[in-house]
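As you go down the protein sequences, you meet chains A and B in turn.
Counting from 1, one number per residue, gives the positions in the first sequence under this note's numbering.
Counting from 1, one number per residue, gives the positions in the second sequence under this note's numbering.
Since the hints were made in silico from the structure, they are not lab data.
Mixed in with the good hints, there may be bad ones.
No more than 30 Å apart at the CA atoms, straight line, and that leaves these computed lysine-lysine pairs for BS3-like [said to hold, decoys possible]:
#1 Lys42/B <-> Lys57/B
#2 Lys42/B <-> Lys58/A
#3 Lys5/A <-> Lys71/A
#4 Lys78/B <-> Lys42/A
#5 Lys42/B <-> Lys78/B
#6 Lys83/B <-> Lys68/A
#7 Lys83/B <-> Lys57/B
#8 Lys78/B <-> Lys71/A
#9 Lys42/B <-> Lys57/A
#10 Lys15/A <-> Lys109/A
Just so we're clear, the structure is a prediction, and the values are computed from it rather than from any experiment.
As a plain string of letters, each chain reads:
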Amino acid sequence: QQQVKQSPQSLIVQKGGISIINCAYENTAFDYFPWYQQFPGKGPALLIAIRPDVSEKKEGRFTISFNKSAKQFSLHIMDSQPGDSATYFCAVDTSGTYKYIFGTGTRLKVLA
Amino acid sequence: EPEVTQTPSHQVTQMGQEVILRCVPISNHLYFYWYRQILGQKVEFLVSFYNNEISEKSEIFDDQFSVERPDGSNFTLKIRSTKLEDSAMYFCASSWDRRTGELFFGEGSRLTVL
Numbered sequence: 001q002q003q004v005k006q007s008p009q010s011l012i013v014q015k016g017g018i019s020i021i022n023c024a025y026e027n028t029a030f031d032y033f034p035w036y037q038q039f040p041g042k043g044p045a046l047l048i049a050i051r052p053d054v055s056e057k058k059e060g061r062f063t064i065s066f067n068k069s070a071k072q073f074s075l076h077i078m079d080s081q082p083g084d085s086a087t088y089f090c091a092v093d094t095s096g097t098y099k100y101i102f103g104t105g106t107r108l109k110v111l112a
Numbered sequence: 001e002p003e004v005t006q007t008p009s010h011q012v013t014q015m016g017q018e019v020i021l022r023c024v025p026i027s028n029h030l031y032f033y034w035y036r037q038i039l040g041q042k043v044e045f046l047v048s049f050y051n052n053e054i055s056e057k058s059e060i061f062d063d064q065f066s067v068e069r070p071d072g073s074n075f076t077l078k079i080r081s082t083k084l085e086d087s088a089m090y091f092c093a094s095s096w097d098r099r100t101g102e103l104f105f106g107e108g109s110r111l112t113v114l
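If we strip away everything but chain B, and leave its shape as in the complex, we get (with noise of 0.2 Å):
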């Protein structure tokens, strides 16, 4: 079964620093999003992105955050100064249809900053 893959399931780094965390979607689908979840929180809606660029953002997104498209496989999430309250769970997703919601999830990416 196609499944959305991301890596690294866990990083840990250092406040200041720049990360970039990577999705591979589901090959077929063409809406990709990022969403983030603080300890076991609420799932929190990041970006989202079609046809090479951002269609809705929140503002938790604001410009230490990009997301980019950089071949047709993979989708990164990158952020540039990374603060303590970046420490989350990101979650990539995507769907073929954006209108269902039915978004499909990765397994996430753990974020801590020191």
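One chain only, chain A, in its complex shape (with noise of 0.2 Å):
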């Protein structure tokens, strides 16, 4: 099964810092690229998610960046806060099935 690869696997920021996750996938056969957010204990919830006819989206604190040519897309959050302290998933449908593929996952925690 192709590979989601996320970096770093952990991260730890202090608030109101920015914390960076990466994304990089292999081939993706459809063209949207979500994020989700998990908390312990809970199910994965969509964060924000793009299309790469851009190559960025912003909501609020939270920016994707897309990078098509080098397969790669990025979470960055603004002045990050411990409520956002969580895991992070990106998703690619890689066989254009509609089968979404996760990410190894990226702990975040943010200190106070």
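Put the complex together from the two separate chains, hints included.
So, in structure tokens, the structure goes:
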């Protein structure tokens, strides 16, 4: 099964800092790239998503940057808050059959 | 706000027993999924379901697994003969447009196989 690789695996950021999480994929058959946020004991919840006809999408403190040629997209969390502490997953449709494969996950901890 | 509901929240079973996990997707959604997550690790795709048939399944979804939409609201995952390695959190998800990757997940069912 094709891998969707995230980095870093874990991240510690001071309150007010910028958190950056990267996602790299081998191939995608459909151009839509979501990020999910998961708190302990909860299911993943859609945070933000981008179509690659734009290189960047911003929603509040969250921004996705997309680099189609490099097959990478990134999540930026500006002014990180302790409430942002969670695990973040990117997801990619690798086969064109609407089977979204989740990335390996990044555990973010924001220190107060 | 509409949500995906799953039952039971936690099930403990003996190895070799059959387990059924139940899900009620969001009412106007057409596409349904099961994912699993072992001990807070990556979220693994199991199966997608549309129009009363499986659309896609992973290599994890072998003959021991089956899914069903027995009525207009429930979506179930059955594991016929559970193994120790089936212990995981199982998440049901639904979407109204499968192109977008906008899946709405339930809170999960924790399965513990002893």
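Now for the hints, and whether the structure bears them out:
1. Taking the CA atoms of Lys42/B and Lys57/B, the gap is near 17 Å; set against the 30 Å cutoff, the hint holds.
2. A threshold of 30 Å between alpha carbons decides the hint, and for Lys42/B with Lys58/A the separation of about 26 Å falls inside it, so the pair holds.
3. Distance restraint check for Lys5/A and Lys71/A: the Cα-Cα separation of roughly 11 Å lies within the 30 Å cut-off, and the hinted pair is therefore satisfied.
4. At most 30 Å may separate the alpha-carbon atoms for a hinted pair to count; Lys78/B and Lys42/A meet this at roughly 22 Å.
5. Between Lys42/B and Lys78/B the CA atoms are separated by roughly 22 Å; this keeps the pair inside 30 Å, and the hint holds.
6. Among the hinted pairs, Lys83/B with Lys68/A is inconsistent with the structure: their alpha-carbon atoms are about 41 Å apart, more than 30 Å.
7. Between Lys83/B and Lys57/B the alpha-carbon distance is near 19 Å, which keeps this suggested pair within the 30 Å criterion.
8. Between Lys78/B and Lys71/A the CA atoms are separated by roughly 37 Å; this puts the pair beyond 30 Å, and the hint is violated.
9. Taking the CA atoms of Lys42/B and Lys57/A, the gap is about 25 Å. The hint holds against a cut of 30 Å.
10. The straight-line distance between the Cα atoms of Lys15/A and Lys109/A is roughly 10 Å, inside the 30 Å bound, and the hint therefore holds.
The structure shown violates the earlier hints numbered 6 and 8.
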